[in-house]
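**Student:** Here is how the chains run, residue by residue.
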Amino acid sequence: MLKSANMPNPLLPICISGLRLIRGDRAVLAGVNLTIDEPGITVLMGPNGAGKSLLLRSLHGLITPDQGRINLGSLTVADSRTEQAMVFQQPVLLRRTVLQNLAFAAPKTAKTDRQRLIQALESVNLLDRADQPARMLSGGEQQRLALVRALLGEPALLILDEATASLDPASVLLIESLVKTQNVQGTKIILVSHDQGQARRLADEIVFISNGQVAEQSPADRFFTEPRTPEAKAYLAGEIVV
Amino acid sequence: MDALSEAFRLIITLDEDLFEILWLSIRVSLSALTIAAVIGLPLGTYLAITRFPGRKFCILLLNVLMGMPPVVVGLMVYLLLSRAGPLGWMGLLYSPTAMIIAQAVLITPIIAALSNQVIESLHQEYSDTFYSMGVTGGRAVAAYLVDARYALTTCILAGFGRAIAEVGAVIIVGGNIDHLTRVMTTAIALETSKGNLTLALSLGAVLLALSLLVNALVIGVREYAQKRQYA
Amino acid sequence: MKYLITCVALAFSAHALADTIIVQSTTSTQNSGLYDYLLPMLKEDTGVRVNVVAVGTGQAIKNAMRCDGDLLLVHSQPAEEAFVADGYGAYRRDLMYNDYVIIGPEADPANLAGASNVTEAMQQIKQSGAKFASRGDDSGTHKKERSLWQAAAIDSDAGSGQWYLETGSGMGATLNTGVSLSAYVLTDRATWIKFANKQDAIILFEGNPALFNQYGVTPVNADKCPNVNREAAEIVTQWLASDIGQSAIGAYQVDGEPLFFPNAN
Chain A
8 MLKSANMPNP
18 LLPICISGLR
28 LIRGDRAVLA
38 GVNLTIDEPG
48 ITVLMGPNGA
58 GKSLLLRSLH
68 GLITPDQGRI
78 NLGSLTVADS
88 RTEQAMVFQQ
98 PVLLRRTVLQ
108 NLAFAAPKTA
118 KTDRQRLIQA
128 LESVNLLDRA
138 DQPARMLSGG
148 EQQRLALVRA
158 LLGEPALLIL
168 DEATASLDPA
178 SVLLIESLVK
188 TQNVQGTKII
198 LVSHDQGQAR
208 RLADEIVFIS
218 NGQVAEQSPA
228 DRFFTEPRTP
238 EAKAYLAGEI
248 VV
Chain B
13 MDALSEAFRL
23 IITLDEDLFE
33 ILWLSIRVSL
43 SALTIAAVIG
53 LPLGTYLAIT
63 RFPGRKFCIL
73 LLNVLMGMPP
83 VVVGLMVYLL
93 LSRAGPLGWM
103 GLLYSPTAMI
113 IAQAVLITPI
123 IAALSNQVIE
133 SLHQEYSDTF
143 YSMGVTGGRA
153 VAAYLVDARY
163 ALTTCILAGF
173 GRAIAEVGAV
183 IIVGGNIDHL
193 TRVMTTAIAL
203 ETSKGNLTLA
213 LSLGAVLLAL
223 SLLVNALVIG
233 VREYAQKRQY
243 A
Chain C
8 MKYLITCVAL
18 AFSAHALADT
28 IIVQSTTSTQ
38 NSGLYDYLLP
48 MLKEDTGVRV
58 NVVAVGTGQA
68 IKNAMRCDGD
78 LLLVHSQPAE
88 EAFVADGYGA
98 YRRDLMYNDY
108 VIIGPEADPA
118 NLAGASNVTE
128 AMQQIKQSGA
138 KFASRGDDSG
148 THKKERSLWQ
158 AAAIDSDAGS
168 GQWYLETGSG
178 MGATLNTGVS
188 LSAYVLTDRA
198 TWIKFANKQD
208 AIILFEGNPA
218 LFNQYGVTPV
228 NADKCPNVNR
238 EAAEIVTQWL
248 ASDIGQSAIG
258 AYQVDGEPLF
268 FPNAN
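Residue numbers (our numbering), protein chains in the order written: chain A, 8 to 249; chain B, 13 to 243; chain C, 8 to 272.
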């Protein structure tokens, strides 16, 4: 649990070495070597099928890679699980009310702390929906709920896998601002996005993935002004769409 | 037509024997259902969300048991509870308890297998999120049971329908004893064998009315769930 | 859960009652309505509650051999005597009798009305090509029927599924089948009189000494089955054979006809 922004993040640096994942006869992750010690927001970019999501899922422990190591600070993926949270492209909400969804995710000690849940709902403009069935919400509202649910445990690392793809603009901006605030409070953020505007608004650091490998890792401002690899150049120019 | 008006007459005159038999039917089947749900629901859920060697075989076994004929179940429970059988000392044969046991054995696999399918599809949707949230073990089982509650209600009512309509098992272990173990289906069998076809058919109509009630309940539950995106 | 406990409690208490016995008996006595008439009187006089399990005589004897009953009330004297001889029954007493009849379609294609004895009747059924519905369940009636075929030197099994139809069911169910198929059926008279789905079937052959149908009562041997309620079974046996019980049996009538004739020894 993070108590303050001044404390060092226990999950940094994130060290990934020689990560390989075989699907069929194809290496979808072909030896990923990556070190992230940037406490800000890291955005993974790259063409579809490059392996971004698989990398995040490996980091979160949803996939066990065939080879390679992942360390988060001094912890393994398994040991760091309670310190991590993830928001998926398709939010999965329980078949219960909005408030019950949140209460389900709340750590046991906070479970009775209704006030805290109310505040969380307020932060994503969902307070007036508290007693509605969660799955009746719009796509944007559902994702906002999924985000505050993920943040309830005060994770040291928050992973977002294309969490704002195809949402309404208001929800996108609300989610972005919440993510930024959370980062300022000390949570490490790693997200995948295809939205270059979003990457420019959020990223402190860009990791560009191509063909199952890290092609480039740069501070955000430099990546957008002078990408070093031909793949990144082509991607930014819109030449590689898939 | 005679049967329908006879059924109607039996119901509106609150025929004492009819209600005694009907009440025993409901009591026996509800008790069996309670046992079957307490065992079958967690079992079906557990088999849906965990992975261990032999799991596929367990599911296969459930599906086979689901199709077991009631007479076979009745015979097995009879041999078990008979005075000469391993549980004979309990003196349960020819009692409502024996009928409850037989029906519970009959419908537990049904409830487990049906709930397994329901939870399996929910698990595909939830598994990543539950992993991410660190929801495992008993907490996951409970969460799945709560979230699949409407679909599971349908499974449970299917089990109830099967229990209350079966005759093969209860007639063997209950003995169709008047005022003790006579239920709707065994009464229908008896009246048929007496050649009282109209009375038998009217009892069947009463049973059908009960089934209609249960199915209307299922549809109502499903409608409500769909309206709230809980299905 | 509350239901469950209630049910369990009820079930145990029903068995815990010292004055309750289980009688393994036959479908013919149950379907005739005799028990509905007799048991309330018996309860009144003796205080013993009798629970009747009605199956075929063969199955009733097998159930009793597994100690799942306190008293046997069936109608196949040789099988009952074997039951006693093998130690399963304490003793056997004659209780009552009636007779078997052969029923069939009113048109009577086998001309049973013209048969002079039961052997002739059986042969005529076979020769006419008419159907015959058999219990096929090792019951007392079935045993009797098989002995009749044997006496007539007819191998009924050879025609099984063609003219000889074994239902494997109780008396009433077999009558339902037989009546629907315009078949001949051997039945005890009591079940037939009480049977409500006769359609166009009538009694076509009766009154032959070979069709005598003796019912007996046999308490299950407590040496073999320690769980039996020996005292209550004894009380019930005594009552059935007593003047009161015997005259009650004789007084039972359906449509003005007596169904059973007491002859306790």
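Any given hint could be a false lead.
Cross-link-like lysine to any residue pairs, in silico, SDA-like; alpha carbons within 25 Å at most [said to hold, decoys possible]:
| no. | chain 1 | residue 1 | chain 2 | residue 2 |
| --- | --- | --- | --- | --- |
| 1 | C | Lys69 | C | Leu46 |
| 2 | C | Lys205 | B | Lys239 |
| 3 | C | Lys205 | B | Leu169 |
| 4 | C | Lys50 | B | Leu30 |
| 5 | C | Lys231 | B | Lys239 |
| 6 | C | Lys151 | C | Lys50 |
| 7 | B | Lys68 | A | Arg142 |
| 8 | C | Lys201 | B | Leu209 |
| 9 | C | Lys205 | B | Ser94 |
| 10 | C | Lys69 | B | Gly97 |
| 11 | B | Lys68 | A | Gln97 |
| 12 | C | Lys50 | B | Glu28 |
| 13 | C | Lys231 | B | Ser17 |
| 14 | C | Lys201 | B | Gly97 |
| 15 | C | Lys69 | B | Asp14 |
| 16 | C | Lys201 | C | Ile242 |
| 17 | B | Lys239 | A | Gly146 |
| 18 | C | Lys205 | B | Asp14 |
| 19 | C | Lys69 | B | Leu73 |
| 20 | B | Lys239 | A | Leu69 |
| 21 | C | Lys205 | C | Thr184 |
| 22 | B | Lys239 | A | Val99 |
| 23 | C | Lys201 | C | Glu241 |
| 24 | B | Lys239 | A | Pro226 |
| 25 | C | Lys201 | B | Lys239 |
In silico contact screen, one side only, chain A against chain B (beta carbon under 10 Å); selected entries [as the list claims (entries may be wrong)]:
| no. | residue |
| --- | --- |
| 26 | Val35 |
| 27 | Gly38 |
| 28 | Asn40 |
| 29 | Arg88 |
| 30 | Gln91 |
For each label pair, taking beta carbons as the anchor points, the in silico distance ranges come out as [unchecked claim]:
| no. | chain 1 | residue 1 | chain 2 | residue 2 | range |
| --- | --- | --- | --- | --- | --- |
| 31 | B | Val76 | C | Ala89 | 15 to 25 Å |
| 32 | A | Thr42 | B | Gly149 | 51 to 61 Å |
| 33 | B | Phe31 | A | Arg121 | 45 to 55 Å |
Since the hints were derived computationally from the structure, they do not count as laboratory data.
The structure presented is a predicted model; accordingly, all values stated were derived computationally and were not measured.
Note that CB positions come from ideal geometry on N, CA and C, so glycine has one too.
**Student:** Decide, hint by hint, whether the structure agrees.
**Tutor:** Results of checking the hints against the structure:
1. Simply put, Lys69 (chain C) and Leu46 (chain C) have alpha-carbon atoms about 24 Å apart, close enough for the 25 Å limit, and the pair holds.
2. Only pairs whose Cα atoms come within 25 Å are accepted, and Lys205 (chain C) paired with Lys239 (chain B) is rejected, the gap being roughly 55 Å.
3. A hinted pair counts as satisfied when its Cα atoms are at most 25 Å apart, and Lys205 (chain C) with Leu169 (chain B) does not qualify at roughly 39 Å.
4. A hinted pair counts as satisfied when its Cα atoms are at most 25 Å apart, and Lys50 (chain C) with Leu30 (chain B) qualifies at roughly 22 Å.
5. Under the criterion of a C-alpha separation no larger than 25 Å, the hint pairing Lys231 (chain C) with Lys239 (chain B) is inconsistent with the structure, at around 65 Å.
6. Among the hinted pairs, Lys151 (chain C) with Lys50 (chain C) is inconsistent with the structure: their alpha-carbon atoms are about 32 Å apart, more than 25 Å.
7. With a CA separation close to 32 Å, the supplied pair Lys68 (chain B) and Arg142 (chain A) exceeds the 25 Å bound.
8. Distance hint between Lys201 (chain C) and Leu209 (chain B) is fulfilled; the C-alpha atoms sit about 13 Å from each other, no more than 25 Å.
9. Between the alpha carbons of Lys205 (chain C) and Ser94 (chain B) the distance comes to roughly 37 Å, so the proposed pair goes past 25 Å and is violated.
10. Between Lys69 (chain C) and Gly97 (chain B) the alpha-carbon distance is near 13 Å, which keeps this suggested pair within the 25 Å criterion.
11. Among the hinted pairs, Lys68 (chain B) with Gln97 (chain A) is inconsistent with the structure: their alpha-carbon atoms are about 29 Å apart, more than 25 Å.
12. Of the supplied pair hints, the one linking Lys50 (chain C) and Glu28 (chain B) holds, its CA atoms being roughly 20 Å apart against a limit of 25 Å.
13. Of the supplied pair hints, the one linking Lys231 (chain C) and Ser17 (chain B) is violated, its CA atoms being roughly 51 Å apart against a limit of 25 Å.
14. Between Lys201 (chain C) and Gly97 (chain B), the direct Cα distance comes to roughly 37 Å. Violation of the 25 Å bound is thereby established for this hinted pair.
15. With a C-alpha separation of about 40 Å, the suggested pair Lys69 (chain C) and Asp14 (chain B) falls outside the 25 Å cut-off, and the hint is violated.
16. Between Lys201 (chain C) and Ile242 (chain C) the CA atoms are separated by roughly 29 Å; this puts the pair beyond 25 Å, and the hint is violated.
17. Taking the CA atoms of Lys239 (chain B) and Gly146 (chain A), the gap is about 17 Å. The hint holds against a cut of 25 Å.
18. For the hint pairing Lys205 (chain C) with Asp14 (chain B), the CA-to-CA distance comes to about 17 Å; that is within 25 Å, so the pair holds.
19. Using a Cα cut-off of 25 Å, the hinted pair Lys69 (chain C) and Leu73 (chain B) is violated, with the two alpha carbons roughly 32 Å apart.
20. For the proposed pair Lys239 (chain B) and Leu69 (chain A), the alpha carbon gap of about 33 Å is over 25 Å, so the pair is violated.
21. Among the hinted pairs, Lys205 (chain C) with Thr184 (chain C) is consistent with the structure: their alpha-carbon atoms are about 11 Å apart, no more than 25 Å.
22. Taken as a hint, the Lys239 (chain B) and Val99 (chain A) pair is honoured in the structure, with Cα atoms around 18 Å apart against an allowance of 25 Å.
23. Restraint check: the Cα-Cα separation between Lys201 (chain C) and Glu241 (chain C) comes to about 30 Å, which exceeds 25 Å; the hinted pair is violated.
24. In summary, the hint linking Lys239 (chain B) to Pro226 (chain A) is not supported, as the alpha carbons are separated by about 49 Å, beyond the 25 Å threshold.
25. At most 25 Å may separate the alpha-carbon atoms for a hinted pair to count; Lys201 (chain C) and Lys239 (chain B) exceed this at roughly 56 Å.
26. Interface restraint check: Val35 (chain A) against chain B, minimum CB-CB distance 18 Å, threshold 10 Å, status violated.
27. The criterion of a C-beta within 10 Å of any C-beta in chain B is not met by Gly38 (chain A), whose closest approach is roughly 25 Å, and the hint is violated.
28. Interface restraint check for Asn40 (chain A): the shortest CB-CB distance to chain B comes to about 25 Å, outside 10 Å, so the restraint is violated.
29. With 10 Å as the threshold, the beta carbon of Arg88 (chain A) comes within range of chain B, its nearest partner Cβ sitting at about 6 Å, so the hint holds.
30. With 10 Å as the threshold, the beta carbon of Gln91 (chain A) comes within range of chain B, its nearest partner Cβ sitting at about 8 Å, so the hint holds.
31. At about 40 Å, the beta-carbon gap between Val76 (chain B) and Ala89 (chain C) misses the expected band of 15 to 25 Å.
32. For the pair Thr42 (chain A) and Gly149 (chain B), the supplied restraint of 51 to 61 Å is violated, since their beta-carbon distance comes to about 35 Å.
33. In this structure the supplied range 45 to 55 Å holds for Phe31 (chain B) paired with Arg121 (chain A), their Cβ-Cβ distance being about 48 Å.
Taken one by one, the earlier hints fail for this structure at numbers 2, 3, 5, 6, 7, 9, 11, 13, 14, 15, 16, 19, 20, 23, 24, 25, 26, 27, 28, 31, 32, listed in ascending order.
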